[in-house]
Amino acid sequence: MKIRGKLLLGCFLVMALAAFANAQDVTIAIGSEPTTLDPQLREDGGERAVNDNIYETLMARTPKGQLIPGLAASEPRLIDPQTWEIKLRSGIKFHNGEPFNADAVVFSVKRIINPKFNSEQISFFNTIQDAQKVDNLTVRLKTDGPDPILLSRLYWMKIVPPKHSMDSKFAEKPVGTGPYRFVQWDRGESITLVRNSNYWGTKPLVSRVKYRFIEEPGTRLAGLMAGEFDIITNLLPEFTQQVPKAIHILGLEHPIIILNADGGPTKDVRVRQALNYAVDKDALAEGLFEGFAQVAQGQLLSPSFFGYNPKVKAYPYNPDKAKQLLKAAGAVGATVELIGTAGRWLKDRELVEAVAAYWDAVGVKTKVRIFEFNEYLNRLFDRKTRGDAIFVVSSNELLDADKSFSAYYKAGGIGSSNTDKQLATLIDNARSETDFAKRKSIYHQAVKRAFDQAYFTWLLNIEDIYGVSARVDWSGRVDAKILVSEMKVKK
Amino acid sequence: MGRYILRRLLHGIIVIFGVTIIVFVVTRMVGDPVKVMLPLEATLEQRAAFEKQLGLDRPIMVQFVEFMGDVARLDFGDSLWQHRPAMEIVFEKLPLTLVLTAVGIGLAFVLSIPLGIIAALRPGGVSDRSTVFVSLIGLSVPQFWLGLLFIVVFAVQLHWLPTSGTATIAHIILPGLTMALPVLARLVMIVRSSMIDELNQQYVQTGYAKGIPFLRVVGLHALRNASLPVATLVGWETIRAIAGYSVVVETVFAWPGLGLTAIQAIEREDLILLQAIVFSVAVLVVMINILMDIAYTLIDPRLRLA
Amino acid sequence: MAEAAYSSKMLSGRWQDRLRGLRSLTQELWRDKAGFIGMLLIAALLLMAVAAPLLAPHDPAAQDLRARLKPPAWSAQGTWNHILGTDHLGRDVLSRLIYGSRVSLLVGAAVVTIAGTFGVIMGLLAGYRGGRTDSIIMRWIDTQVAFPGLLLALIILAVIGPSMITVIIVLSLNGWMVYGRMTRSAVLAVRQTAYVEAAEIVGCRAHRVIFRHILPNLTSPLLTLAILEFARIVLAEAALSFLGLGIQPPATSWGLDVATGKDYIFRAWWLVTMPGIAISITVLAVNLVASWMRLISDPQEREKQFARKMAVRQRRRRATGQ
Numbered sequence: 048m049k050i051r052g053k054l055l056l057g058c059f060l061v062m063a064l065a066a067f068a069n070a071q072d073v074t075i076a077i078g079s080e081p082t083t084l085d086p087q088l089r090e091d092g093g094e095r096a097v098n099d100n101i102y103e104t105l106m107a108r109t110p111k112g113q114l115i116p117g118l119a120a121s122e123p124r125l126i127d128p129q130t131w132e133i134k135l136r137s138g139i140k141f142h143n144g145e146p147f148n149a150d151a152v153v154f155s156v157k158r159i160i161n162p163k164f165n166s167e168q169i170s171f172f173n174t175i176q177d178a179q180k181v182d183n184l185t186v187r188l189k190t191d192g193p194d195p196i197l198l199s200r201l202y203w204m205k206i207v208p209p210k211h212s213m214d215s216k217f218a219e220k221p222v223g224t225g226p227y228r229f230v231q232w233d234r235g236e237s238i239t240l241v242r243n244s245n246y247w248g249t250k251p252l253v254s255r256v257k258y259r260f261i262e263e264p265g266t267r268l269a270g271l272m273a274g275e276f277d278i279i280t281n282l283l284p285e286f287t288q289q290v291p292k293a294i295h296i297l298g299l300e301h302p303i304i305i306l307n308a309d310g311g312p313t314k315d316v317r318v319r320q321a322l323n324y325a326v327d328k329d330a331l332a333e334g335l336f337e338g339f340a341q342v343a344q345g346q347l348l349s350p351s352f353f354g355y356n357p358k359v360k361a362y363p364y365n366p367d368k369a370k371q372l373l374k375a376a377g378a379v380g381a382t383v384e385l386i387g388t389a390g391r392w393l394k395d396r397e398l399v400e401a402v403a404a405y406w407d408a409v410g411v412k413t414k415v416r417i418f419e420f421n422e423y424l425n426r427l428f429d430r431k432t433r434g435d436a437i438f439v440v441s442s443n444e445l446l447d448a449d450k451s452f453s454a455y456y457k458a459g460g461i462g463s464s465n466t467d468k469q470l471a472t473l474i475d476n477a478r479s480e481t482d483f484a485k486r487k488s489i490y491h492q493a494v495k496r497a498f499d500q501a502y503f504t505w506l507l508n509i510e511d512i513y514g515v516s517a518r519v520d521w522s523g524r525v526d527a528k529i530l531v532s533e534m535k536v537k538k
Numbered sequence: 415m416g417r418y419i420l421r422r423l424l425h426g427i428i429v430i431f432g433v434t435i436i437v438f439v440v441t442r443m444v445g446d447p448v449k450v451m452l453p454l455e456a457t458l459e460q461r462a463a464f465e466k467q468l469g470l471d472r473p474i475m476v477q478f479v480e481f482m483g484d485v486a487r488l489d490f491g492d493s494l495w496q497h498r499p500a501m502e503i504v505f506e507k508l509p510l511t512l513v514l515t516a517v518g519i520g521l522a523f524v525l526s527i528p529l530g531i532i533a534a535l536r537p538g539g540v541s542d543r544s545t546v547f548v549s550l551i552g553l554s555v556p557q558f559w560l561g562l563l564f565i566v567v568f569a570v571q572l573h574w575l576p577t578s579g580t581a582t583i584a585h586i587i588l589p590g591l592t593m594a595l596p597v598l599a600r601l602v603m604i605v606r607s608s609m610i611d612e613l614n615q616q617y618v619q620t621g622y623a624k625g626i627p628f629l630r631v632v633g634l635h636a637l638r639n640a641s642l643p644v645a646t647l648v649g650w651e652t653i654r655a656i657a658g659y660s661v662v663v664e665t666v667f668a669w670p671g672l673g674l675t676a677i678q679a680i681e682r683e684d685l686i687l688l689q690a691i692v693f694s695v696a697v698l699v700v701m702i703n704i705l706m707d708i709a710y711t712l713i714d715p716r717l718r719l720a
Numbered sequence: 019m020a021e022a023a024y025s026s027k028m029l030s031g032r033w034q035d036r037l038r039g040l041r042s043l044t045q046e047l048w049r050d051k052a053g054f055i056g057m058l059l060i061a062a063l064l065l066m067a068v069a070a071p072l073l074a075p076h077d078p079a080a081q082d083l084r085a086r087l088k089p090p091a092w093s094a095q096g097t098w099n100h101i102l103g104t105d106h107l108g109r110d111v112l113s114r115l116i117y118g119s120r121v122s123l124l125v126g127a128a129v130v131t132i133a134g135t136f137g138v139i140m141g142l143l144a145g146y147r148g149g150r151t152d153s154i155i156m157r158w159i160d161t162q163v164a165f166p167g168l169l170l171a172l173i174i175l176a177v178i179g180p181s182m183i184t185v186i187i188v189l190s191l192n193g194w195m196v197y198g199r200m201t202r203s204a205v206l207a208v209r210q211t212a213y214v215e216a217a218e219i220v221g222c223r224a225h226r227v228i229f230r231h232i233l234p235n236l237t238s239p240l241l242t243l244a245i246l247e248f249a250r251i252v253l254a255e256a257a258l259s260f261l262g263l264g265i266q267p268p269a270t271s272w273g274l275d276v277a278t279g280k281d282y283i284f285r286a287w288w289l290v291t292m293p294g295i296a297i298s299i300t301v302l303a304v305n306l307v308a309s310w311m312r313l314i315s316d317p318q319e320r321e322k323q324f325a326r327k328m329a330v331r332q333r334r335r336r337a338t339g340q
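Residue numbers (the numbering used here), protein chains in the order written: chain G, 48 to 538; chain A, 415 to 720; chain E, 19 to 340.
Since the hints were derived computationally from the structure, they do not count as laboratory data. Heads up, the beta-carbon is just placed ideally off N, CA and C, and yes, glycines get one too. Among the hints, erroneous ones may be present.
Distance ranges between label pairs, derived from CB positions [stated by the list, open to error]:
(1) E:62 to G:375: 49 to 57 Å
(2) G:113 to A:583: 45 to 53 Å
(3) G:432 to A:572: 30 to 38 Å
Extracted from the complex, chain G is given alone in its bound form (with noise of 0.2 Å):
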């Protein structure tokens, strides 16, 4: 009895604790927990958010997506077409007091892309054959060709010491240079940093952070409205006239339709755009999402990415159009299979049966088929019988045009319909051409091929949204990073 009275006592003082004492204490609660802490193995939204704030890369990013150096001294060189040089800061330190220097990044790279390894993150890196070091502060890194996308490349791999890494605990206790320390990992219920005082960038503001893993969007925003958390992630549209704030910043995720180009009725090219004019896009934005996401500009590309092309609009909302461009091809009645899955990405379902709507209304009979997300992706991966209109939601972390393209623009690709060979070399061209400006330009006319030919119904690229305390400061950032030494705990 006494002993029990003592737990109760304790645990009721932990919780005053926990209520009073943290002024300078952010908790965020995330999706889904860690399946590690290794910041090079897995592809892992859980590890990310934590690992952003205790790792750094070579290349940094403003919260407005503008690359600049980070663990880089400079912006690298590129010495011939297949090697970039990287000069590093001086004087930098790992938590555990190694030194961050030459070897530490020659270790990181090597690391990652040792097939042994058998990293989650490898695709981000397949480009990168060897490192090297040139002395101290100085790193050389090869590719299997011309690579211009290294530096966005560069700001995924996370630099690991290469003492602690070898630790057989290490998955379990990251250590970095960032301006955020490891403290404590308890399974299921949190993980814990704290500010690193001896980082060598601007001081953050908040002293302390706790992660909370909290997979119902319904139990996050309990948390939130209840004061237990200060940040939580994937808001719904509806929910942000409830809580205390919500910030919302034009994020990675774009949702379109991809059409087959080779058979059916999509397999004429009037079709293909009266679908894209049937489509309210601003209606969807508007009522959906509430205003929480924007009209995708005919691309599948949001304006800070590499290889968008300003001069490319969406096709504009005329039915009218639509309508005769179906009378034209001879469509109109003609069915039209949708394919989508429910629960996967945000409204997911919603979308797909409001786009139907709109197809229904200019003459086409749309066959709504939403599969388990299992069967979802046979279809979607099915390169033999392509279904007539497929939704899938299309995520670019590396910010340029390469990764989207490859898989849904290229003839061939993991999720295009299409055999359009001059697409499909416009896009092989871009992927080894390191001028800047001719990469761009050849982009832009890869865009304007395939807004042209209709390829694909784009529809929206969504936002992020995130609710935030009142007792938070912060303003998030478009490559979806939670970084905590961005933000201010008001007094």
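We have chain G already, so just place chains A and E on it with the hints.
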């Protein structure tokens, strides 16, 4: 007694074996984890390599033999989702489910005895009728809904208790109550009806007549005789809580126990983790069953013959 | 043990008596107000499910993105066009409730029928054949009862893919054992009675004995069990749908509507509340009827009821006497 327990143990092992086979068949025959585990843009070569890594490209019988070996060594392999041994995850999550179950069932048990007795003292009286009616409502309200209402009222509106998590004792109150209420409703009904039966028995009347204090009659005699059906129900409800309710309650309150983990593993098609969870729960259920059987024979020796 | 109690009371209740007593039955139903209300509610639910297209003011799947999350009619921004408001896609909540009753009742009825039929057949086989058949079936039942049923159901649903059919199959697979056990013990008890022994000696064929003498005696306890199981199944379907492993959109189900509604719980309380109340009322009605059924169909229980009344009266008399 010893032979009886041995027989129950043997039966338990057969049950576990059966569960293992069913789990294997269902997951291998119908599921395809490869598609779901890899990112959308992964190439066909990457997919084939992954399949090989999981050992899913080999003949089904080979897989089965190896699987049984793994089970015997309690090693199901690494979770596809968390990339660490599945049993490690199970052992990490299981205590949380057990704590939640213990709190829920314990609460229900402790509350059901006085409530049931009060109702039984005057069958048909006001307290009896209201207890029965409230219990019926408790039986009829879906648990997930109850949990959501609790969150809205006690966490968000009143700010009394936290919405989710496990950090302090305060965190277990809402999920514990949600777990307890339907169990409480059923227990109260059983306590009530067995107490009514006992209170009408000759010996209780005799007890009264002899002038033994009322509470003593109820407490010592009637209650003891009512303990068999109550114990049966408590055992059953414990099993149902571990293998059923916990999934729902843990989902609602983001309580990171085995139930929530099972749902997360399903969402990620993590067959290996799922196998480990179902196997462990089966073992647990069988163990509770055996304990229940032993408890019966202690309460009522006549049952040993059965 | 409990089953033995069931069987003894069956002797006194004859099938023919029951038919003749239909009138007294309705009288009794009227006397038990709770049971009566339960009956009324179930009748109303059945009517609602059957006449859903006539009753529902809107198509339950029809979206109206401009009229999303409208509150019920009685609140300030509500309209009588959507009496219980609209959901996140602008679908009419009342219409969804009405159509949702179909799913709950259909799944409940289907599972009770399938599991009940299978369970009774197995119980009859075990009880009547005895010997090897009996022990095999009973081992099977014991084994399956010890399975962690819901978890296994979750796996099957996850792998095969959820749909109404899978939900029915999984819940039936999980629920037949109770019927089997009850039928078997009743058969064993009835077979030992004089009249069945007599019938067998006279040379009645097995099916005649089963259908003429055994099954009629089983009717009312089985009916009570089936009704209780029905309540359990309705809750189980709702829970599975809530977890995303039951009925899938665009079909409607109350559990599913609670699951989608919970994301909107702070903006649209009615989305979670209404289907939750619908589930509760349905299950409550079924439970009320079941407890009433148990009272009237169980002579022992009726005797007890009478004894309790007398005891209370006595106690009162004692109290006033002092």
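Here is what the structure says about each hint:
1. E:62 to G:375: 49 to 57 Å: holds (56 Å)
2. G:113 to A:583: 45 to 53 Å: Holds, at about 49 Å.
3. G:432 to A:572: 30 to 38 Å: At 57 Å between Cβs, range violated.
Hint compliance for this structure: hint 3 alone is broken.
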